[in-house]
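There are 2 protein chains.
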Amino acid sequence: MSIDHPYLLFLGDAHDLLAAKTAHGIAQWRRNWCLGQYRMTGCQADLGLPDLSLEAAAAAGARTLVIGVANRGGRIAPAWQEVMVRALELGMDIASGLHQKLVDLPAVAEFAKLEGRRLFDVRHPSRDFEVGTGAPRTGRRLLTVGTDCSVGKMFTSLALERDMRARGMAADFRATGQTGILIAGEGVSVDAVIADFISGAVEWLSPANDPDHWDIVEGQGSLFHPSFAGVSMGLVHGAQAEALIMCHEPGRPHMRGVPGHQVPDVGDCIAFNEQCARLTHPDAKVIGIACNTSALDGAAADRLKGELSDRHQMPCVDPLKDGTDALIDRLG
Amino acid sequence: MSIDHPYLLFLGDAHDLLAAKTAHGIAQWRRNWCLGQYRMTGCQADLGLPDLSLEAAAAAGARTLVIGVANRGGRIAPAWQEVMVRALELGMDIASGLHQKLVDLPAVAEFAKLEGRRLFDVRHPSRDFEVGTGAPRTGRRLLTVGTDCSVGKMFTSLALERDMRARGMAADFRATGQTGILIAGEGVSVDAVIADFISGAVEWLSPANDPDHWDIVEGQGSLFHPSFAGVSMGLVHGAQAEALIMCHEPGRPHMRGVPGHQVPDVGDCIAFNEQCARLTHPDAKVIGIACNTSALDGAAADRLKGELSDRHQMPCVDPLKDGTDALIDRLG
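Residue numbers (my numbering), protein chains in the order written: chain A, 168 to 499; chain B, 168 to 499.
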């Protein structure tokens with residue numbers, strides 16, 4: 168069940184680019200899937216894509232209207248619903264990264280059914296999963312893990328996919344969060360599955376594959392985050408990865424959303440992730456560090472990367488600035 | 168939202184006591200809540216409670232019909248539904264530990280609504296939870312953890328509650344699985360919550376309390392189980408326990424349900440649980456071992472308990488045979 172492209176990216180009345188960060192991620196990583204953007208009155212976000220009417224997008228072949236924007240107040244406004252209904256009428260599916268489900272909007276859901284169109288609520292898994300087994304499976308797998316939430320695990324995973332493919336390697340990004348799913352066109356929001364099935368969902372997401380095929384599994388949260396470590400743990404076990412990349416953003420005063428919880432030491436985090444990952448892959452190893460240095464100047468960024476690399480005896484890159492070749496070199 | 172007692176325990180057509188093990192647990196731990204048992208033709212299970220008709224149970228004051236039995240083939244038979252409807256008609260609520268939900272049975276759900284009766288599907292959380300915060304809270308908490316699933320965490324927790332109360336301590340069992348919920352009359356099936364909210368659900372279940380009040384939180388799964396460790400991890404973080412009891416059953420050829428995964432060494436399991444628990448309670452410590460020795464003869468059981476106690480420098484008891492006083496002595 169994958170989301171068809173090309174996409175028309177719906178930006179609603181986003182007051183800035185941050186409010187449209189899901190759409191921004193899609194435009195950044197899958198620009199060739201994006202015919203254009205649809206902006207309503209008052210929208211302050213601009214992805215640099217052509218502004219298209221629904222009709223023009225449909226005529227150009229748009230298959231899915233993608234709601235990649237935060238909705239103010241948590242409810243989907245009637246004006247948005249009118250746009251959705253019109254898009255369905257013009258033959259598009261709709262995919263949404265919002266908390267509130269499209270299928271819970273009677274006007275939209277009924278019209279979609281009538282027109283035979285599909286609604287993708289990518290934050291909410293639409294299928295059941297089996298309990299994970301931990302049984303060994305073929306294929307090679309890499310997992311991005313992190314010292315905290317929102318430190319660049321998705322970005323790093325997508326950069327790895329891009330750079331591995333550029334080398335001619337068989338590599339697929341496996342999305343575990345809503346933005347990743349809209350970028351990949353498929354995936355599972357792992358934090359939204361029933362707790363019993365976390366590892367099983369990830370086993371389903373990254374199934375047995377050819378011996379030289381790489382799944383790049385997008386990590387979530389952190390084993391050191393008191394809110395989300397259960398999700399991270401199930402993800403580590405389900406991914407059964409031989410290679411882990413430790414993602415880190417320096418300078419945080421505390422773990423995201425939880426004052427009083429310090430960001431763990433990178434070395435402790437490496438050791439603990441390896442220990443957990445070895446439950447399902449005895450040779451699992453952190454083979455490199457991806458550091459988001461966007462808050463540092465060039466010299467400070469280089470110094471930090473050098474220090475982390477020396478201390479942990481592995482490459483450390485900022486995927487945005489350096490790419491991921493130094494990490495891929497370590498995959499053997 | 169707690170389940171009212173006294174209970175009438177519904178055993179259906181259970182072919183043996185194992186099929187009625189949930190009801191068995193209730194009768195074992197809350198015998199004074201149980202007016203009797205209701206058995207259908209062919210039932211081979213017997214809890215030693217009076218056999219009551221629905222009418223006799225209602226006349227005696229039964230408040231809830233408790234479905235504490237496995238249903239063959241996974242579907243609730245029409246004959247069972249007739250019993251349920253009659254119980255509702257007689258003024259009882261219904262609580263069920265089955266996978267299939269009572270609220271999904273139209274005849275039962277509609278009749279319950281009509282009569283103003285409550286249906287408790289205890290495997291399925293009926294409320295939303297917040298994301299866990301890991302913020303320190305008052306009160307004292309103990310968590311049972313394990314080397315594997317089904318090694319006696321619920322039994323140990325209930326024995327601790329019983330023995331602590333016998334000493335005059337303020338102690339409440341906090342149920343995290345369906346049998347425990349029916350025994351406690353309330354709780355949360357933690358493995359059935361949305362993954363993002365595992366630790367938050369446990370924080371809700373064991374809230375801030377008086378400084379000398381103990382919550383005895385029922386553990387689930389094992390941090391070493393490739394299917395369920397995510398649940399166990401969130402539970403460990405949410406419980407924020409100062410004291411952990413390591414539950415163990417010797418002699419298993421492998422982790423439950425996953426051939427190829429050996430049961431961890433007790434010492435490794437102690438160290439790892441302490442490491443994880445210290446994320447939300449810096450002084451968390453495993454203070455004793457609860458060993459299910461039912462498969463061993465007396466001498467072998469004593470030898471094993473002595474060995475575990477010596478090796479790990481903490482008391483080791485079989486709660487069924489020894490009670491839990493030696494553990495409680497260590498709570499300080």
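Calculated from the structure, these hints are not laboratory results.
Quick caveat: nothing in here was measured; it's all calculated off a predicted structure.
C-beta: ideal position from N, C-alpha, C; glycine also.
There could be a bad hint or two in this list.
Quick list of simulated restraints, FRET-style, between CB atoms [claimed, not checked]: (1) ARG329/B x GLY499/A: 32 to 42 angstroms; (2) ALA438/B x GLY228/A: 56 to 66 angstroms; (3) HIS421/B x ARG478/A: 51 to 61 angstroms; (4) ASP183/A x GLY240/B: 53 to 63 angstroms; (5) ARG478/B x ARG445/A: 37 to 47 angstroms; (6) HIS421/A x ALA244/B: 52 to 62 angstroms; (7) ARG445/A x ASP496/B: 34 to 44 angstroms.
Anything over 10 angstroms on all C-beta distances counts as not near chain A; from chain B, calculated [to be verified]: (8) TRP200; (9) ALA223; (10) GLY258; (11) PRO303; (12) PRO420; (13) ASP450; (14) SER461; (15) ALA493.
Now for the hints, and whether the structure bears them out:
One distance hint, 32 to 42 angstroms for the beta-carbon pair ARG329/B and GLY499/A, is violated here, with the actual separation near 56 angstroms. Separation of ALA438/B from GLY228/A is about 59 angstroms and conforms to the stated range, judged on CB atoms against 56 to 66 angstroms. Checked against the given bound of 51 to 61 angstroms, the beta carbons of HIS421/B and ARG478/A, roughly 38 angstroms apart, lie outside it. For the pair ASP183/A and GLY240/B, the supplied restraint of 53 to 63 angstroms holds, since their beta-carbon distance comes to about 55 angstroms.
Roughly 23 angstroms separates the CB atoms of ARG478/B and ARG445/A, a value that falls outside the hinted 37 to 47 angstroms. For HIS421/A and ALA244/B, the hinted distance range of 52 to 62 angstroms is satisfied, since their beta carbons lie about 54 angstroms from each other. Between ARG445/A and ASP496/B the CB atoms are about 36 angstroms apart, so this pair conforms to the stated range of 34 to 44 angstroms. Its beta-carbon lying about 28 angstroms from the closest one in chain A, TRP200/B satisfies the requirement of being farther than 10 angstroms from that chain.
Annotated as non-interface, ALA223/B keeps its C-beta farther than 10 angstroms from every C-beta of chain A; the closest such distance is 39 angstroms. Against chain A, the non-interface label of GLY258/B holds: every CB pair exceeds 10 angstroms, the least being about 34 angstroms. The claim that PRO303/B is not at the interface with chain A is violated, since a C-beta of that chain comes within 10 angstroms of its own (minimum 8 angstroms). Non-interface status of PRO420/B relative to chain A is upheld: no Cβ of that chain comes within 10 angstroms, the nearest being about 16 angstroms off.
ASP450/B, annotated as away from the interface, keeps every beta carbon of chain A farther than 10 angstroms; the closest lies near 15 angstroms. The beta carbon of SER461/B sits about 26 angstroms from the closest Cβ of chain A, which is more than 10 angstroms, so the claim that it is off the interface holds. Annotated as non-interface, ALA493/B keeps its C-beta farther than 10 angstroms from every C-beta of chain A; the closest such distance is 31 angstroms.
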